[in-house]
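> The primary structure of each chain is shown beneath.
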Amino acid sequence: AESPFKADIERAQKELTEKMTPGAIAYIPGSSVINKTGSWRVFRPEFKKDKCVRCFLCYIYCPEPAIYLDEEGYPVFDYDYCKGCGICANECPTNAIEMVREVK
Amino acid sequence: AVRKPPITTREYWAPGHAACAGCGCATALRLATKAFSEAMEEKYGDPNAFAIAQATGCMEVVSAVFPYTAWKVPWVHVAFENAAAAASGIEAAWKKKGIKGKILAIGGDGGTADIGLQALSGMLERGHNVVYLMYDNEAYMNTGIQRSSSTPYGAWTTTSPPGKYSIGEDRPKKWVALIAAAHMIPYVATASIGNPFDFVKKVKKAAKVDGPAFVQVHCTCPTGWRTPLEKGIEIARLAIETGMWPLFEIENGDIWHIKIQPPGGGAKVYKEGGRVVRIEFKKPIEEYLKYQGRFKHLFKRPEAIDELRNQIKAMWKVLGVEAILPKPEE
Chain F
42 AESPFKADIE RAQKELTEKM TPGAIAYIPG SSVINKTGSW RVFRPEFKKD
92 KCVRCFLCYI YCPEPAIYLD EEGYPVFDYD YCKGCGICAN ECPTNAIEMV
142 REVK
Chain A
-6 AVRKPPITTR EYWAPGHAAC AGCGCATALR LATKAFSEAM EEKYGDPNAF
44 AIAQATGCME VVSAVFPYTA WKVPWVHVAF ENAAAAASGI EAAWKKKGIK
94 GKILAIGGDG GTADIGLQAL SGMLERGHNV VYLMYDNEAY MNTGIQRSSS
144 TPYGAWTTTS PPGKYSIGED RPKKWVALIA AAHMIPYVAT ASIGNPFDFV
194 KKVKKAAKVD GPAFVQVHCT CPTGWRTPLE KGIEIARLAI ETGMWPLFEI
244 ENGDIWHIKI QPPGGGAKVY KEGGRVVRIE FKKPIEEYLK YQGRFKHLFK
294 RPEAIDELRN QIKAMWKVLG VEAILPKPEE
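Listed in order, the protein sequences are those of chains F and A. When we follow this note's numbering, the leftmost residue of the first sequence carries the number 42, and every step to the right adds one. When we follow this note's numbering, the leftmost residue of the second sequence carries the number -6, and every step to the right adds one.
Hints are supplied without guarantee of correctness; some may be wrong.
As the list claims (entries may be wrong) - No more than 20 Å apart at the CA atoms, straight line, and that leaves these computed lysine to aspartate or glutamate pairs for EDC-like:
1) Lys261/A / Glu273/A
2) Lys88/A / Asp107/A
3) Lys89/F / Asp119/F
4) Lys93/A / Asp163/A
5) Lys47/F / Asp119/F
6) Lys55/F / Asp111/F
7) Lys261/A / Glu279/A
8) Lys77/F / Glu4/A
9) Lys261/A / Asp163/A
10) Lys283/A / Glu143/F
11) Lys93/A / Glu74/A
12) Lys(-3)/A / Glu53/A
13) Lys157/A / Asp39/A
14) Lys264/A / Asp247/A
15) Lys201/A / Asp39/A
16) Lys261/A / Glu280/A
17) Lys(-3)/A / Glu112/F
18) Lys89/F / Glu279/A
19) Lys(-3)/A / Glu51/F
20) Lys(-3)/A / Asp91/F
21) Lys47/F / Asp107/A
22) Lys167/A / Glu227/A
23) Lys(-3)/A / Glu143/F
24) Lys167/A / Asp203/A
25) Lys310/A / Glu223/A
26) Lys310/A / Glu265/A
27) Lys(-3)/A / Glu113/F
Bear in mind the hints are in silico, worked out from the structure with no lab data behind them.
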């Protein structure tokens, strides 16, 4: 599965400039995808597919959204944007998501 | 086997925005736009038939840092006080030009309960076909956690610091949903990100009514509430289960036929003639307060927690419900 924001990322990379526009209008929808907020993360969600019951709660609660769904309905974690808040792991009813400290 | 999620996979809120990790309001706006697009698809056959006017506030500041925008729907940022007025204008222009769709106005609790209240009242009174979504994180988080009129009793903020002569915020929370209901508009509801399915249902209902609608959604703020990042949704759910946050719907200002959603968490709901008259909560409000740094000082002053309990009881009484709020077991 690919990110639902793939087209936005490509467009923003191609067209986005820092130049001031009249009325400070942002012309490219969803251009914030250029900011890879994954660098904020301290803890990283690790997903165990065998435990997942596909309740979609992590997908629904993700504030970014850094979780999208694959063809079968399993969550895919987008580490480019995940800020590592851990809401998905805290709400997962089957503990299929574990927060692991990023090692640098 | 393929399983379909209970909500559309279309996204109108893109990642890369500057909201804090664990922001409850970001979840609320993401779900609200999804629900809105579902409602527009069902009503007008076009999922993109909506535009947003947003007041200044956390979610405006984090989503639209020039030259970036997190929005994938026509969106305009206006000043703190006039999101409702701008939405009214867009709605009037759409009507004149024959554009089908609905406007969503968004404001925080500061932009709605304090600064934008008269614009909101005017919009509701004039009957514009707009949904006003108030995301209530109970203080001015964007400017650095100052109290608003929606801040609950006893909460710490930078302008209501607890100390020797103060218990923190000293006034009860103002319920803007009830003020909105007093305009006799078709639909008023309170919701919470602790119950996202109920929230989505209410936004869809609000988007489908003809005329103004108002939805007040409770969302957690880990930075301003001093809570652990991962507990955001859990705390919002505890607010419902302990009675701190009522979930209700009022149609056409008819408070006598208010619909109150059961709070869950083991609470017993008693009905009389289809109307909820009594709720016995099982969890004490301390369960909700204990995770939050903004209420930490209250645990040294049990009389302040009792006062908060009395205020919550009084709020439920306005809704026509006798609330039994237990004390924690010793």
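> Hints first: check each against the structure and report whether it holds.
Quick rundown of the hints versus the structure:
1. Lys261/A / Glu273/A: The given pair, whose Cα atoms are some 5 Å apart, holds under the 20 Å limit.
2. Lys88/A / Asp107/A: Between Lys88/A and Asp107/A the Cα gap is close to 29 Å, so the pair fails against 20 Å, i.e. violated.
3. Lys89/F / Asp119/F: Within the cut-off at roughly 15 Å; holds.
4. Lys93/A / Asp163/A: violated (46 Å)
5. Lys47/F / Asp119/F: holds (11 Å)
6. Lys55/F / Asp111/F: violated (27 Å)
7. Lys261/A / Glu279/A: Since the Cα atoms of Lys261/A and Glu279/A sit roughly 19 Å apart, the hinted pair holds (cutoff 20 Å).
8. Lys77/F / Glu4/A: holds (18 Å)
9. Lys261/A / Asp163/A: It is violated: about 31 Å lies between the C-alpha atoms, which goes past 20 Å.
10. Lys283/A / Glu143/F: Violated, because 29 Å separates the two Cα atoms, which is more than 20 Å.
11. Lys93/A / Glu74/A: violated (26 Å)
12. Lys(-3)/A / Glu53/A: Answer violated: Lys(-3)/A to Glu53/A is near 31 Å, above 20 Å.
13. Lys157/A / Asp39/A: Status violated; Cα separation ~58 Å.
14. Lys264/A / Asp247/A: Given that 20 Å is the threshold and the Cα spacing comes to 18 Å, the pair holds.
15. Lys201/A / Asp39/A: holds (13 Å)
16. Lys261/A / Glu280/A: holds (17 Å)
17. Lys(-3)/A / Glu112/F: holds (9 Å)
18. Lys89/F / Glu279/A: With a Cα-Cα distance of about 34 Å, the restraint between Lys89/F and Glu279/A is violated, given a limit of 20 Å.
19. Lys(-3)/A / Glu51/F: Since the Cα atoms of Lys(-3)/A and Glu51/F sit roughly 27 Å apart, the hinted pair is violated (cutoff 20 Å).
20. Lys(-3)/A / Asp91/F: holds (18 Å)
21. Lys47/F / Asp107/A: violated (40 Å)
22. Lys167/A / Glu227/A: violated (23 Å)
23. Lys(-3)/A / Glu143/F: Status violated; Cα separation ~32 Å.
24. Lys167/A / Asp203/A: Distance ~27 Å between Lys167/A and Asp203/A Cα, so the pair is violated.
25. Lys310/A / Glu223/A: violated (33 Å)
26. Lys310/A / Glu265/A: Given pair Lys310/A, Glu265/A holds - Cα atoms ~15 Å apart, limit 20 Å.
27. Lys(-3)/A / Glu113/F: The given pair, whose Cα atoms are some 8 Å apart, holds under the 20 Å limit.
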